[in-house]
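These protein sequence lines are chains A and B, in that order.
To convert, count from 1 in the first sequence and add 468; that's our numbering.
To convert, count from 1 in the second sequence and add 1; that's our numbering.
In short, the hints are calculated from the structure, not lab data.
Every value quoted in this text rests on a predicted model; they were computed, and no experiment measured them.
Accuracy of the hints is not assured; some may be wrong.
[What the hints assert, rightly or not] Example chain A residues on the side facing chain B (calculated, C-beta under 10 Å, incomplete): (1) 531; (2) 536; (3) 540; (4) 566; (5) 574; (6) 579; (7) 585; (8) 586; (9) 590; (10) 597; (11) 598; (12) 630; (13) 649.
The C-beta atom is built at its ideal place from N, Cα and C for all residues, glycine as well.
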Amino acid sequence: MTAPSPAPATTDTLLSVRDLTVEFGTKGQTPFRAVDGVSFDVRPGQTVGLVGESGCGKSVTSLAIMGLLPKRGNKVAGSATFDGTDLLTLDDREMRDRRGRDVAMIFQDPLSSLNPVVSIGVQVAEVLQRHRGMKKSAAMAESRDLLDKVGIPDPSRRLKEYPHQLSGGMRQRALIAMALACKPRLLIADEPTTALDVTIQAQILNLLKELVVDSGTALIMITHDLGVVAGLCDEVNVLYGGRIVETAPRHELFASPRHPYTNGLLGSIPRLDGARNEQLAAIPGSVADNIPWTSGCAFAPRCSRAIDVCRAETPSLEQDSVAIEDHLLRCHNPWPTGGEA
Amino acid sequence: MLRFIVRRLLQAVLVLFIVSLLLFTWLRKLPGGPIDAILGERATPETRAALRKTLGLDQSIPVQYLHFLNNAIHGNFGTSTQVQTGTDALDLFFQRLPATVELSVLALILAVITAIPLGYFAAKRHGGFLDTGSVVLSLVGVAVPVFFLGFVLKYFFSIEWHMLPPAGRQNPDLDATRITNFYVLDGLLTREYDAAWDALKHLILPAITLASVPFAVIFRITRASVLEVLNEDYVRTAESKGLSERIIRGRHVLHNALLPVVTTIGLQVGALLTGAVLTETVFGYPGLGDALAQAFRQRDYAVLQVLILAAALGYILVNLLVDVAYAIIDPRIRTR
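Between the sequences and the hints, there should be enough to build the whole structure, so can you do that?
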């Protein structure tokens with residue numbers, strides 16, 4: 469059975485990912501399929517979440533869209549149509565022209581993501597020099613304004629400083645400044661708050677909301693944290709074992725999570741109103757334990773609702789029969805509406 | 002920074018003192034000695050005793066050492082007994098220094114300008130033909146003994162094919178003018194271009210020979226370091242910004258990858274002197290290495306002491322320079 473794709477991309481779609489498949493493998497070995505037939509759309513100004521635990525393929529998906537996967541040792545299939553052009557078919561030079569200008573990205577660990585021997589100012593300015601043809605001095609002046617805009621105090625001084633002299637939150641702000649320097653139409657944020665203190669996490673999310681969402685830049689938010697999703701995303705895609713297992717608008721997903729995996733993710737969020745000695749629910753096992761999708765549901769070995777058909781037949785991604793809104797689901801035995809999250 | 006340099010220079014004085022003490026005692030404990038070397042085996046005991054007295058070797062080693070130290074502080078390092086009999090050892094050092102500096106600098110330049118680009122591209126095409134090929138080449142570079150490489154090059158390029166001179170620094174028939182005693186530089190300064198060219202031709206084979214080990218070491222470090230940096234998150238960030246390959250290569254990859262390479266180059270300068278002894282001997286090149294080998298064979302104490310102390314001092318200074326350079330290129334050290 470072939471997985472039906474979501475509705476064909478409409479004209480107001482900014483990015484349309486179709487059947488994206490990424491395989492890793494060296495010659496002679498069975499390739500490992502990290503991403504398997506992932507399809508989703510991002511409309512201008514929309515925030516779309518890619519949610520899942522480590523190893524579910526969410527980062528590989530974003531790197532594939534950006535053309536940042538290593539050139540050797542992997543195979544990318546499918547399409548990622550951005551504003552009418554399939555990014556996956558562009559050659560290295562064309563992609564270089566787009567990266568940082570049309571599509572930008574921020575990463576998980578702000579310290580290791582910044583070059584330790586180059587000043588913050590130069591690292592921001594080089595994007596402006598590259599894509600907007602600015603002279604060094606003009607780019608530096610603009611960089612100062614950008615640092616100011618992302619809320620870095622005393623930007624003139626910070627401009628000349630190096631990453632190790634900044635705090636974690638400031639480093640992530642600097643990375644956001646670099647990503648937004650050329651006013652891209654799409655920003656991909658790969659776990660941007662994971663490496664930060666909890667108080668700083670909220671600040672960074674607010675900054676993203678204010679600078680990205682409110683200014684009309686579309687955002688793909690990659691996270692394992694459903695709290696982040698709840699605060700930011702319009703549309704949520706839950707990934708497991710390289711495939712989308714559930715897709716729904718945010719309210720729909722939180723109101724009636726249907727897939728046992730989504731339920732598990734929601735159930736593993738600690739609650740302030742829970743009993744003191746209440747055990748925190750965890751999903752047993754890890755993604756690495758999954759069986760291939762070829763012979764059943766990859767989540768079945770960890771699933772509390774697995775039935776015989778789950779281990780025999782691979783479920784396909786289909787419109788949830790009981791949902792009113794667009795709600796795609798890949799499950800033989802979903803939770804009844806309203807789940808037990 | 003200034004305090005750092007001063008502290009290092011004071012350390013250098015201490016190091017030199019210790020080296021001199023070890024060197025002095027050790028030389029005099031070696032079997033054989035200047036008396037045998039000068040007089041041969043058949044000299045009478047009386048002549049030997051007389052010469053020993055003249056050279057001050059009849060005194061105890063601590064007394065000899067204090068004597069040496071006192072003289073050395075006043076800039077007197079003794080007289081050569083054999084290498085250039087009667088010449089002041091320090092003068093001899095300064096006579097020979099330009100030849101070796103010229104050779105070493107050329108060898109180091111050769112090693113650096115070939116090893117760094119090759120190391121970068123080998124890492125960039127990790128596992129490819131260029132990578133495998135240059136790794137094998139660098140293994141050959143460290144594995145083949147320097148003197149053997151020297152003989153092979155000399156045999157083919159000088160003796161078989163007559164492309165380059167087999168020995169010496171310059172054709173004496175040219176009667177070139179001397180200013181600095183760096184022959185290539187002198188030729189350029191006096192516009193005696195044929196003399197400069199001739200000196201350069203004499204340098205090529207020894208320089209290639211001498212460069213082989215530093216090339217191999219610098220190549221391997223560069224390759225390993227670039228491989229590591231290419232996997233760093235900040236290189237991915239640079240790629241995500243769509244920067245040109247040139248900027249990514251220079252600013253983001255090489256600037257970081259060359260930090261350990263700079264240290265290696267400093268250490269290789271020390272290894273160059275070892276290489277120079279062999280290379281200069283093979284090519285009959287009249288530099289410090291050649292003088293050191295002679296002085297050792299003939300137990301020329303004064304010359305040995307000057308050369309080895311100078312080598313230690315040179316090594317300390319070069320590595321001080323490396324540390325300063327390191328601080329300049331690595332802001333994490335500079336702004337600490």
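Now for the hints, and whether the structure bears them out:
Using the Cβ-Cβ criterion of 10 Å, the hint placing residue 531 of chain A at the interface with chain B is satisfied: the shortest such distance is roughly 8 Å. Annotation: interface hint on residue 536 of chain A holds; nearest CB of chain B at approximately 6 Å, less than 10 Å. With a cut of 10 Å, the hint placing residue 540 of chain A at the interface with chain B holds, because the nearest CB-to-CB distance is about 8 Å. Because the beta carbon of residue 566 of chain A sits about 7 Å from the nearest beta carbon in chain B, less than 10 Å, this interface hint is met.
Look at residue 574 of chain A: its Cβ gets to within about 8 Å of chain B, closer than 10 Å, so that hint holds up. The interface hint given for residue 579 of chain A is met, as the beta carbon of that residue sits about 9 Å from the closest beta carbon of chain B, less than 10 Å. For residue 585 of chain A, the shortest C-beta to C-beta distance to chain B is roughly 5 Å, which falls under 10 Å, so the interface hint holds. A hinted interface residue such as residue 586 of chain A counts as satisfied when its beta carbon comes closer than 10 Å to some beta carbon of chain B; here the least separation is about 6 Å, so the hint holds.
A least Cβ separation of about 8 Å between residue 590 of chain A and chain B falls short of the 10 Å threshold, and the interface hint therefore holds. Using the Cβ-Cβ criterion of 10 Å, the hint placing residue 597 of chain A at the interface with chain B is satisfied: the shortest such distance is roughly 9 Å. The beta carbon of residue 598 of chain A is positioned within 10 Å of a beta carbon in chain B (closest approach about 5 Å), and the interface hint is therefore held. This hint holds: residue 630 of chain A has a C-beta 4 Å from the nearest C-beta of chain B, less than the 10 Å allowed.
Interface restraint check: residue 649 of chain A against chain B, minimum CB-CB distance 8 Å, threshold 10 Å, status holds.
Of the numbered hints stated above, none is contradicted by the structure.
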